[in-house]
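**Q** So the chains spell out like this:
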Amino acid sequence: MRVLSRILIYLLLLLGSVMFLIPLVWMISTGLKPIEQTMSMPPTWLPYRLYVKADGKLTEIQQADLGKYPANEIVKKFAPRWGNFAAAIRAMKFFPLYLKNTLVLCLLTVIGTVFSSALAAYGFARIEWLGRNKVFLVALATMMVPFPVVMVPLYCMFRALGWIGTLKPLWVGSFFAGAFNVFLLRQFFMSIPKDLSEAARIDGCSEFRIFWQIILPLCRPALMVVGLFQFMATWNDFLGPLIYLTDQKDFTLALGLQFFQSQHGGTEWHYLMAASTLVALPIIVLFFFTQKTFIEGISMTGLKG
Amino acid sequence: MTRGERRQLWLGLAFISPWIIGFLAFTLYPVLASIYYSFCDYDVLSKPVWVGTLNFHDMLTDSAFWQSLWNTLYYAAFSLPLGLVISLVVAVLLNQPVRGRAAFRAIFFLPSLIPIVAGSMIWLWILNGNFGLLNHALELIGIKGPQWLADEKWTKPSLILMSLWGCGNTIVIYLAALQDVPRSLYEAAEIDGATAWARLWHVTVPMISPVIYFNLIMSIIGSLQVFANAYIMLGGGGPNRSALFYAVYLYQNAFEYRQMGYACAMAWVLFLIILFLTWVATRTTRKLIFYGGE
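Protein chains in written order, with this note's numbering: chain A, 1 to 305; chain B, 1001 to 1294.
Please keep in mind that the hints were generated in silico from the structure rather than gathered at the bench.
One or more of the hints may lead you astray.
Part of the chain B face toward chain A, derived, beta carbon under 10 Å [as the list claims (entries may be wrong)]:
| # | residue |
| --- | --- |
| 1 | S1034 |
| 2 | A1198 |
| 3 | L1270 |
Backbone N, C-alpha and C define an ideal beta-carbon position, used for all residues, glycine too.
Using the sequences provided together with the hints, build the complete structure.
**A** Listed below in structure tokens is the structure:
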């Protein structure tokens, strides 16, 4: 019975993993195929080239000419079309600019969010002042406001400032501490013993120096989580760029990919999948390098929230 | 207020000043403006004109509005419970003493990280009626698959299926909670002769009920605002408005029809719906949540 249930558990986990992985495998596989293999029946999993054997030499032939040769002379070889990536980048036209815009936004929003949230969280966690808890409740309440409620006034505000069609609406806000990150960091800051700050205060340390030189270095894991999540959020954001950006040259990768699909979608699946791989790959790589931070961060949001 | 207290107050305010400015400029002002606009006719180009409750009256007779509300509730009614149950099942399986748990966890988590635009492209391709992988798979077991995204009956199920693929976040949160359940409880239950099923139902579920509640609330908020994948995969609402979700219709009103006032009114109605459903969920689960855990 024990053995049986263990086998069942592994079977279910394997089945589930396959179902979760197939879409990603299919994206990469399609991205490496020539167009005629994307629409083959039955589906092709591994991209290939066809050759005929003649006088001990292999000569490549086209899919369409397959019928002209006897089946036993045909050789099928695994051959990914790496060139699809370059072709997809060329087809997307402004890909380098999309990448640059995305990276600029990621950099600015990560710096802005980490710095401003840490500052505000410190004020809520480690300085005692009158009315602190009431103000913190207001901060928590702002988390309940769904984005659609503020979407239109924000657009109008940025429009009045002349910021529509620039990257500004997408990063300026991150320098003004969002409530969720403040909440997360506050929990972390409060877990550091008070004596540490007291000792530094007695030594005549200014509050900002205590924050900068004592507390922040101790909170590196939490700051990493906030920075990482912000990076992901900016990289993945679609609605923000969709609303605020007007010129193709200002697009981010996410919006650029959608724009490409709306222009070329429905036929050039190999390029679309190659381009999608390029947009998704950095995130996958990032995940494998920072897995621990990721998992801890997600667990933190769930358990402390 | 003593001098020391005043000093502390200023110090505290100085530290939270980024938040104060952000709160005033990016939350308080927009919320107030949004309330005002929702009673106005406003196209951005000219000044808002006060029209009273006209926008809300219009909603009552706007068939696209009701269609979008129905689509959204339909989507939530399936994607939410299915997502919560599937994540819990996977998390419970991962919490067993299995080899390669970290690898399995990474595999289940990975799809939830894929940028929504890239994920939408993948699913556009998988759900393609003629060459899509899903219909190939169905053919193997003798079923002729539908035109998933072109058939109004199947657009919502398509998006629900896609949402389940991204439930890795929830799995990780559940798993963290499961690992906090003290082993001694399971051992005690086992000594009392509880079956695996009874242990799951009478030990695991009550012990992690606060986290189930947290995930429930998050899913309510998230699924009612479904936007990006629907917008990308089905453009302006799909065949016969079958995938016109609330947030998509709201976006169209704001940025395609330039009816900013109507869009704001819709946003407030959405907020009230979210509040109401959250309240209902809290009321009905209050007695079931067990906060006595460690």
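**Q** To test your reading of the hints: which numbers does this structure violate?
**A** Hint check: 2 fails alone, others pass.
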